[in-house]
Amino acid sequence: MKKLIDAPSEVLADALKGVAAAHPELAVDFAARVVARATPKPGKVALISGGGSGHEPLHSGFVGPGMLDAACAGEVFTSPTPDQMLAAAQTVSTGAGALFIVKNYTGDVLNFEMAAELADAEGIAVKTVLVADDVAVEDSTWTAGRRGVGTTVLVEKIAGAAAEEGADLDAVHAVATRVAENGRSMGVALTSATLPSVGKPSFDLPEDEIEMGVGIHGEPGRTRAPLAPASEIADTLVSAILADHDFTGAPVIAMLSGLGGTPLIELYLVYGAVASLLEQRGITVARVLVGDYITSLDMAGCSLTLLRADDEMLRLWDAPVSTAALRWGA
Amino acid sequence: MTGTEDGRLTVDDLTAWMLRFDERIAAEAEHLTELDSAIGDADHGTNIARGTGAVRRRLADAPPGDAGALLKSSGMALVSTVGGASGSLYGTLFLEMAKSVGPAPELDTAVLADAFRAGVAGVVARGRAEPGDKTMVDALQPAAEALSVAAAGGRPLLESLRAAAAAAAVGRDATIPLVARKGRASYLGERSADHLDPGATSAAILVQALADARSERVG
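So the protein lines, in turn, are chains A and B. Under the UniProt record's numbering, the first sequence has 203 at position 203, and the numbering climbs by one with no breaks. Under the UniProt record's numbering, the second sequence has 25 at position 25, and the numbering climbs by one with no breaks.
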C-alpha cells in the first residue's frame with residue numbers, strides 16, 4: 001500500500017483537520033466527527049447527511065449554503081453512528097426540523113433510524129429520504145435492496161436549494177423524494193480500492209477485466225467482464241439505466257463521477273460517448289456534472305447517474321450553491 | 001473449585017464477560033476481517049475490536065453499579081464506536097437486555113434468558129433479518145433458545161451458558177452454505193454461499209465469552 005497518510009487508524013481524524021484548515025466557513029466538531037456550516041441559517045430546515053468516509057467529496061464537500069447543513073463522517077466505508085447524527089441535528093437544527101439524507105446501506109439505514117428516534121426524543125422533527133438508485137442491483141427482494149450512489153449528490157443539491165428558499169420540512173422531503181425516485185445510477189470498476197486499515201486491495205480484479213455494476217465499497221456488480229473500449233462501457237452503463245426508468249420527454253440532469261482513481265480526461269472521454277448515446281436515443285440532457293463527486297477511495301472507474309428532472313428540479317439545481325466541491329451562482 | 005456455582009451473574013461476572021469478549025475479539029480481529037473481505041467489505045474485525053476496546057475503557061472509567069447499567073453502558077459504547085450495521089445491532093442487543101433486566105444487582109438463569117431473548121428480538125426488529133439470512137441472528141437466535149430451554153429445565157447457570165455457546169457455534173457453522181439475504185453480503189447472491197458469516201462468527205464469540213468468563217470465575 002502506498003498512500004499519503006500518517007497512520008492508518010488516524011486517517012479520518014487527520015483528514016478532518018485538513019477540512020477545518022482549508023474551510024474556515026465550516027465548523028468541524030472533531031469529537032463528533034461532524035462537519036457543519038459555521039453559522040446555521042435560522043428558521044431553515046436542516047439538511048443532514050453522512051456515511052462512511054472514503055467517498056469524498058461526499059458528504060462534507062457538499063456542506064454550505066444551498067446544500068447540506070451538516071455531514072457526519074463515519075470511519076472509512078463504515079456508517080457513522082447515531083450519536084454523531086444526533087449531535088449534528090442538535091448543532092444545525094433551528095426549529096424547522098431536519099431532513100436526513102440516507103444512502104441505502106444496512107449500516108447507514110439502521111444508524112440513521114436510531115438517530116431519528118433519539119432526535120425525536122429531543123423534540124427535533126426528522127424526516128428521512130432514502131436513496132437507492134443503483135440499477136446494478138437487480139434482485140432487490142432477496143438483497144438489502146438497491147444501493148444508494150450518485151443520485152445522493154443530486155438530492156443534496158436540489159433539496160438543499162429548496163430548504164435555502166424557505167420550504168418547510170414536508171416540502172423539502174417531498175422534492176428530495178421526487179429526486180430519489182427519478183434518479184438512476186450504475187458504475188464500473190477498473191481496479192479495486194484499498195482501505196488504509198487493510199493495506200491491500202479489497203477484491204482481485206485482473207489487469208484485463210472490469211467489474212460492471214460495482215458498488216462504491218467494491219460490492220460486486222452484474223458481471224465481471226473483459227476490459228472493453230470506453231464507448232462500449234458507456235453503452236452498457238447507459239443501456240442499463242435507460243432500461244430501468246423512462247428518461248424521454250423530460251429534461252435530464254447527468255452526472256459522470258470518477259471513483260477516485262480515474263483521470264478527468266478519461267471521464268470526459270466517457271461522457272462524450274454517453275452524450276452521443278443519449279442523443280441517439282432522443283434524451284435531452286439539460287445539465288451536466290463531470291468530475292469526482294462520489295468516489296471509492298483510489299478505485300479506478302466511473303459511475304453514471306441520470307435524473308429525470310422537471311422544471312422545478314432544474315430551477316433548484318440552478319440556484320446558488322457555495323460548498324467546497326460544488327459552487328455556482330453564489 | 002476456586003469459587004461456588006451459586007447460579008447468579010453478578011456485575012463482576014458481566015464485567016468479566018465484556019473483558020473476555022474484548023480479548024477474544026482482539027485475538028480474532030484479523031480472522032473476522034478476513035471472513036468479511038470474502039463476502040463483505042473487509043472491516044468487521046477492525047470495527048468490532050474498536051467497539052469492544054471502547055467498552056473495556058468505559059467500564060474501567062465508570063464502573064456501573066448494577067446489571068442494567070452495565071449492559072446499557074456497554075451498548076452505548078458499541079453503538080457510538082463500532083459504526084456500520086454491526087454497531088447498531090450489537091448496541092441494540094445490549095440496550096434491549098439492559099431494559100429487560102433493569103437495575104437488578106444479579107441475574108439468575110431465567111432472568112438472563114429472558115433478557116437475552118429480548119435482546120435478540122431487538123436485533124431482529126432493528127435489522128429485519130430472519131434466521132437463515134446469513135447474519136448474526138443465525139448464531140444469536142439458537143443461543144437464546146438454548147438458554148431459555150436450559151432455564152426452563154432448571155439447569156445450573158454455567159451449564160446453561162455452555163449450552164448457549166454450543167448452540168451459537170452450531171448456528172455460526174450453519175451459515176456456511178447459506179446465501180446472504182441481508183447486509184452487504186446479499187449483493188453477492190449465490191456467490192455468498194460457502195463462506196462463514198463474519199457477523200455470526202463474532203456473535204458466537206460473544207456467547208462463548210460469557211460461558212468462559214463465568215467458568216473462569218467459578219473455577
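Among these hints, one or two may not hold up.
Claimed, not checked - Reference excerpt, derived from the structure (chain A facing chain B, CB under 7 Å, subset only):
1. Thr-78
2. Gly-107
3. Trp-142
Keep in mind that the hints were calculated from the coordinates and are not lab data. Virtual Cβ for every residue (Gly too), placed ideally from N, Cα, C.
These are the hints, each one checked on the structure:
Hint status for Thr-78 of chain A relative to chain B: holds, with the closest Cβ pair at about 4 Å, below 7 Å. A cut of 7 Å between beta carbons decides the hint on Gly-107 of chain A: the least distance to chain B is about 4 Å, and the hint holds. Given the 7 Å rule on beta carbons, the hint for Trp-142 of chain A holds: about 5 Å separates it from the nearest Cβ of chain B.
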